[in-house]
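There are 2 protein chains.
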Amino acid sequence: MKLLISFILVFSLGFTTITKAEPLASWQEGEVKQAIINFVKKTTDRNSNDFVAVTDRIAVFDNDGTLWAEQPAYFQLFFALEQVKKLAKDNPDWKTTQPYADILKGNMPAHMSEADLVALVMKTHTGMNSDEFTKRASSWMSAAKHPITKKPFTEMVYQPMLELLSYLREHDYKTFIVSGGGVEFMRAWAPAVYGIPAEQIVGSRIASEYKVIDGKPQIVRLPKLEFNNDKAGKPIGIYNAIGKRPVMAFGNSDGDREMLEWTKAGAGARFSMLIHHTDDKREWAYDKGSKIGGLDKALQQAKQESWTVVDMKKDWKVIYKQ
Amino acid sequence: MKLLISFILVFSLGFTTITKAEPLASWQEGEVKQAIINFVKKTTDRNSNDFVAVTDRIAVFDNDGTLWAEQPAYFQLFFALEQVKKLAKDNPDWKTTQPYADILKGNMPAHMSEADLVALVMKTHTGMNSDEFTKRASSWMSAAKHPITKKPFTEMVYQPMLELLSYLREHDYKTFIVSGGGVEFMRAWAPAVYGIPAEQIVGSRIASEYKVIDGKPQIVRLPKLEFNNDKAGKPIGIYNAIGKRPVMAFGNSDGDREMLEWTKAGAGARFSMLIHHTDDKREWAYDKGSKIGGLDKALQQAKQESWTVVDMKKDWKVIYKQ
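These protein sequences, in sequence, are chains P and W. Quick note on the numbering used here: the first sequence kicks off at 1 and runs consecutively. Quick note on the numbering used here: the second sequence kicks off at 1 and runs consecutively.
Chain P on its own, in the form it takes in the complex (with noise of 0.2 Å):
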């Protein structure tokens, strides 16, 4: 009995010791940390007015610029260039056609509209199946490596972001990404990456239809760009795939504006929050008139708005991945 008795109180001592690792360790002390903390406490506080229920902490985030990097160009289009190169065997004649023949000479392509784009989308996310799909963007994301910083693509994601969704998620907030990304190029690889499973992933969707095929039911992917979550497509994504108003939303660009906007708007206490690229040694500086994650509009509406805005050169004592 002694020796129960002892192991239960070294068991209790013991257990009692735990102490929690500092919450949003890699955010500087100051505003934005604070103002995070302030409204994670009152809004998961039972005596508070500002108190919201379990099934409604809906916290979403978008992807490129807020929960890893986005330049020189978005992640994505590195792995549609990748394709370009697999594919080129059976489409002889990429090598004469812009802007495949750029691509297959390890160029970036110079000029690429929106319909390039898009084109080029389609050209190397369909016509297989979603197993296929899937298999490939795994395949990709497992090896690739950022033209510039060296990295793999997952370890540009930023260090404070990972924080702050796991300080979410232990107050019960549920975490969704709200990208203009695809949805089934995300679903390959970000679970693993964020702790945020498959289906709490919006994105951008190509149609799709559903086949027998040899006696195998299967998932066809088609060329056709079928929902573009991006700008005022954000909120009708989340009122789609999620069927309530976000009470936190995170994003980085004017395309997140209408989420942000839509999200601060809702009753009680809310929370909308803009991440600024400020840092030009540690990452990238840019806002107004960058063709990537371009910013304005949504920054002048932050501040009329009460919006909280990241410095990110100030507010982040590490940016990538530890």
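Bear in mind the hints are in silico, worked out from the structure with no lab data behind them. Quick caveat, the model's predicted, so the values are computed rather than measured. Take the hints with a grain of salt, since some may be wrong.
Remember, identical chains collapse to one label, so a pair may be satisfied in a single copy or spanning two.
Below, in silico cross-link-like pairs of lysine-lysine (DSS-like), each with a Cα-Cα straight-line distance of 25 Å or less [what the hints assert, rightly or not]: (1) 303 - 151; (2) 291 - 86; (3) 303 - 123; (4) 211 - 231; (5) 41 - 314.
Dock chain W against chain P, hints included.
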């Protein structure tokens, strides 16, 4: 210290004597109940060859005729009929236009074509913002009664299926509704009734657009069917919303055939189940040729592909929620 020891012992003993309620108590002992239990056991046992990781444990349920009754008409139709009465004063021409004239006289419209039905849904389900629609659906559901049983519709959910949902969730299956019904209609009441959150409900969908009206950001519902989550639409709805092929699927009609087929055809252990309405005393008996919930081709395929078939009369001790 003695007190502490006593306390610990009593607490431990008390703890071990808590016994779980028998799972699936409303299911008759027999092949069907055993098939469910065996499948769940083998897919959640780490030492089984059929073990399924928690992240892949997706179980999808049709709603009408699978989780609740669907006779003499889909319950959402009764909501639409009630809305016609509410909207009549703004539509004076309805007094002389069919099917509205019949509906306003309190008669079930006799012969409605598919086009009539879609028009009726558009008139009664769109033109307002998302919050207003949810309010109308919730308000109707809290007061409405079934025309034959006189029960609230939310009490016409099947007790054995409620137990099955709980049983699966206790084994870390994530449960989803995948219904031909309107997703926004279901989201207004299904979370409280089935314990399935709004974001795990997939359904048919009308188009909507994001608008700022009088300074208020909102989602406006448009009179256009955007996605029909029925038949071959079900696997597509699942792929778009969840991004994974389910491990278990439950349906009751030919509208569920493709969902059950696609699920069962996946690699590894898969389970597809049909609920066969065979009980004309306690519920309704119908299959082939029924206008609502017709079941013919799927029942044949169930035999060929070893789907499990529930005989409601034989396999369920009780029908409705107790």
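We went through each hint and held it up to the structure:
{"no.": "1", "hint": "303 - 151", "result": "neither (35 Å within a copy, 53 Å between copies)"}
{"no.": "2", "hint": "291 - 86", "result": "neither (27 Å within a copy, 50 Å between copies)"}
{"no.": "3", "hint": "303 - 123", "result": "neither (42 Å within a copy, 41 Å between copies)"}
{"no.": "4", "hint": "211 - 231", "result": "between (32 Å within a copy, 12 Å between copies)"}
{"no.": "5", "hint": "41 - 314", "result": "within (24 Å within a copy, 52 Å between copies)"}
Hints 1, 2 and 3, counting from the list given before, are not met by this structure.
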